[in-house]
Each structure stands twice: as structure tokens, then as C-alpha cells.
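Asker: Line by line, the protein sequences are chains A and B.
With the working numbering, you'll find the first sequence wraps up at 187, consecutive numbering, no jumps.
With the working numbering, you'll find the second sequence wraps up at 253, consecutive numbering, no jumps.
If you're looking for bench data, these hints aren't it; they were derived computationally from the structure.
Note that the coordinates shown come from a computational prediction; the quantities given were computed from them, not determined experimentally.
Here a beta-carbon is modelled for each residue, glycine too, at the ideal position from N, C-alpha and C.
A few of these clues could be false.
[As the list claims (entries may be wrong)] Covered stretches of chain B, going by a simulated chain A footprint (3 or more residues, C-beta under 8 Å):
1. 18-26
2. 33-46
3. 199-211
Listed below are the residues making up each chain.
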Amino acid sequence: MHAVRNGDVGKLGILFERYHRTLFDFLVRVTGNAAAAEDLVQDVFVRVLKYRTTWRDEGRFDTWLFRIARNARVDYFRNRSTDAPIDAAAEHPSTAPLASETLARNREVARLQRALMLLRDDKRELIVLARYRGMKLDAIADLLGVEVGTVKVRMHRAVKELRDIFLRLDESESWNTTDSVGSYPTA
Amino acid sequence: MEHDRLGRLLPDGVDPREADELDATWQMLGAIESPAPNSERMRARIDAVMDALEHTPPSAIATAGKRQTSRHYVLQGLAAAAMLVIGIGIGWFARSDGSAFGGTRPTSNDATTQIAAMRTEMHDLREMVSLSLMQQQSATERLKGVTWTGQLDQPSGEVVTALLDALIHDPNVNVRLATIDALERFASRPDVRRGTIQAVQQQPSALVQIALIDFMVKTNERESVPTLQRLAMDPQVNEAVRARAAWGLQQLG
């Protein structure tokens, strides 16, 4: 990042190789849409170039990067009517026969995924950062500009609400999506 | 993964039974898969942006992180000294005992008028420094000049014109990018809207074009739609810019 900040934009390729999967995973889980996540990853790296002089050595690079990613996502969906397509029918059903136990488990996972997408953006984002990105509490606190204690309280509320939605969701609603383990639509 | 268990992420005092239930949900979250990115396609898009930048002289890209020149320090020092003098003057006139430095207290009306005059002078001085910096040979100084305009409460038309001129004609990419940020405050002005639309068509740098498209989306500039349509359809235009223009059209649509 030092080199990129000092004008060696060719080094952006190295940053891309190192971080694009992480960013994509974060963005696809938060947006629920692979095509949007792909656009957003490109947007993030364009913004890294644009705002490279604002990066400070003392700050964690990945926190700075995720801050850019969060802003990019907000801008991306600002003028759209819905935040994320929760189009579970776009799943890819498996053709292979599955054991009934596996099927039941997959239904539950698919239902949980729907619940996650029904959660409010900021709560979903918090869960994604901790559960899938493994971000430490102090890093999340830094990213969100709040105290660690506040992150814990929000985490409690977020997971509690996720569980509530999950339990309330009518299982028949996820019937069509249950032949495969939860995954995200690609368009 | 760092947080395989939820417990450490919860505040103290959560009921253990509830914590177990929530942890079960937390564990199940681990089973949700996410698709792998199409790295090849994404890399091609990033490469298109970098290719566009390679056609920009390196000196024009690298200036932002460089050290400031001594001439810039002199200019900045002079401006700071002048502002200090003006500030002391304002303080002196604003004193309530009226006898600063053994002088005679000016009447209330005189003091108000003179304070206002000094404030105007300070504002004019800042403008002058900004405009002066923007005329310098060094891109770093011009960049500083553009940044200085952000300190002006109500910049004159001359400053806005200088910013627009820099946006279209400055040879340095960083200066042009900084100008876009500086112009955001004046996005409601018709000349700024016209200037940015004109600039996006004339830009040699894909990075600046993309930043301008972002600007138009951010300011909800619907008059830019025909221009963005042309950019999105033109095969001669850099691929990343075309994609960004198409994205901009979606946002504005």
C-alpha cells in the first residue's frame, strides 16, 4: 500500500490478488448478490486509488479497506428500491438425491440464510464481519467508530433478532430452496 | 476462524441458556456457503483501470505523497504570518477594555466595521493564496491550492472558475481528482454542472473519468445522462470507464 500511495499504481494488482476474495466474500454475504459484489469489488479498488493519499501508516490496512467497502456498498444501493435481492428462488437445486437428514439440515441452513438477508443491513454486516471475516472486536469497533462494549451489545441484539426471524419464518416458504445448502444468487 | 464461538462476542450477563441457543444459530451460520469470485474477470476489469493509468505520465500520478517544496513553505508561512497579524488586529478591536497597546478605544461602530473589514481581508488573502498556489509549476503546490479552497467559507466565482479550469486543463491527475472533491460543494451551480459534464468527455485519464461519473451519481446530475450513455456505448472508451458509465446510468435511472 505504501507503493500505491506513493504513485506506483502497478502495485494495485498485488493488493487486488491479496484482498479481492476477502472483499468479495464480505460483499456477497452483505448484499446477497454476487453480480453486485463483483461490481463493488472493482469500485473498492478504484476508490483505493482515488483515496490512497488518505491512508495512514499507523492504521490497519484491512480496516481502511473495509471502510471503503462499506461506503461503496451504501453508495451502490442508495438509489435502488431494495437493498438486496432476497430471491431465494434463484438457488441452484441439486439433482443428486440426498439423505433425509441432510435434506432437513439443508432446509434449515437455507432458512437461516433467508433470515440473514431479512435482517437489517447494519446487523447483517456486523454478523458477517465477525462470523465470516473473523474480525476481532476491537477492529470492528474501530471500523464502526464505536466502543468494544457497544459492539458486543449490538452483536447480542443482531444474533437474537436473526434467531427470532429464523424461528418465525414459515418453513414452507423455503421449501423450494432447500435441495441445496444455502448459497447466494449469482445475478 | 477467529469467532467460532459466539460467547466471547456477547456482553457479560447474558443468560447462559439464551447464549447457548444463540450459539447454535451462530454455528449454523458457518454452513452458509458463498460463491467463489470470478477472479479472472474481476482482474481483467482492474487491469483495464491500471492500463489506462499507464498512459498517464508517472510524475502526474505520484505527486500526492511527495514532500512539499520550500517555495510552498514560504508561501504558506507568509500567509500564516499575515493571518496572524490580521487575527491580532481583530482581537485588539474586539477587546472590551478599549485601550489595547495604550491606544484609544474605537467607538463600537468603528470597531465592528474594522473587524468586518479585517475578516474580509483574511478571506481575500486565503483566496489569493489558493489562487496563487493553483498557478504554481509544482503539482504538489497546485494540489495544496485546490485543498485550500476548502477553507473558504464563500469562495468567489474566480475560485470556482479556477477549479473548473484545473479540472479540465491541469496536466496532473491528482490535481484533477482533488478538484472534483473541491467542486462538490458547488454542485448546485450551473457552471459547475456544465463544466463537469464537459470534463468527463475530454478527460484523458480513465481514473478521473470514473471519479467524475461518481461525482455525477453523488450529485444526482441527471443532465449527464446523455453523456454517460455516449461513454457507455463508445467502444473507443476505456472498458472500465464504459462499465462505470453504465453503472452511473443505472444509478441515475
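Asker: Next step is simple, just say for each hint if it's right about the structure.
Answerer: To see whether the hints hold, each was checked on the structure:
no., hint, result
1, 18-26, "holds (count 5)"
2, 33-46, "holds (count 12)"
3, 199-211, "holds (count 3)"
Violated hints are absent here; each numbered hint is respected by the structure.
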